[in-house]
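J.: Just so you know, the working numbering puts 61 at position 61 of the sequence shown, and the rest follows in order with no gaps.
Don't take each hint at face value.
[What the hints assert, rightly or not] The calculated label-pair distances, taken between Cβ atoms and stated as ranges, are: (1) R32 / A2: 25 to 31 Å; (2) A2 / C30: 28 to 34 Å; (3) P38 / E6: 14 to 20 Å; (4) E29 / A9: 17 to 23 Å; (5) E29 / A2: 17 to 23 Å; (6) L47 / D20: 25 to 31 Å; (7) T41 / A2: 23 to 29 Å; (8) Q61 / C30: 25 to 31 Å.
The hints are simulated quantities; they were obtained by calculation from the structure and are not laboratory data. Quick caveat: nothing in here was measured; it's all calculated off a predicted structure. Backbone N, C-alpha and C define an ideal beta-carbon position, used for all residues, glycine too.
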Amino acid sequence: MAELAERLAGKRVFVSSGVDPGTIAIMSECGRVMAVEPIATLTDRLLDLTDTVCLNYDDAQGIPFRREA
Numbered sequence: 001m002a003e004l005a006e007r008l009a010g011k012r013v014f015v016s017s018g019v020d021p022g023t024i025a026i027m028s029e030c031g032r033v034m035a036v037e038p039i040a041t042l043t044d045r046l047l048d049l050t051d052t053v054c055l056n057y058d059d060a061q062g063i064p065f066r067r068e069a
């Protein structure tokens, strides 16, 4: 998860039980979900599309800058 924390540095990270474990929701500025992808296959190109993401509580462990949605 340390690699994920590094990749999400500078992003607004929210946590929610509505996100399936092992996936990440890529959010638009207005809060709509643009994509849901497995964390294991998440590309930097997709991460570059947004500054806001949402993770499951378990996947967000070790990410100090998370916020609860």
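J.: Could you run down the list of hints and mark each one as holding or not?
T.: Going through the hints against the structure:
1. R32 / A2: 25 to 31 Å: 29 Å, holds
2. A2 / C30: 28 to 34 Å: Roughly 31 Å apart at Cβ, these two residues keep to the hinted range, so it holds.
3. P38 / E6: 14 to 20 Å: 18 Å, holds
4. E29 / A9: 17 to 23 Å: Hint holds: Cβ distance 19 Å, inside 17 to 23 Å.
5. E29 / A2: 17 to 23 Å: Since the Cβ atoms of E29 and A2 sit about 28 Å apart, the hinted range of 17 to 23 Å is violated.
6. L47 / D20: 25 to 31 Å: 18 Å, violated
7. T41 / A2: 23 to 29 Å: 18 Å, violated
8. Q61 / C30: 25 to 31 Å: The hint (25 to 31 Å, Cβ to Cβ) holds, given that Q61 and C30 are roughly 28 Å apart.
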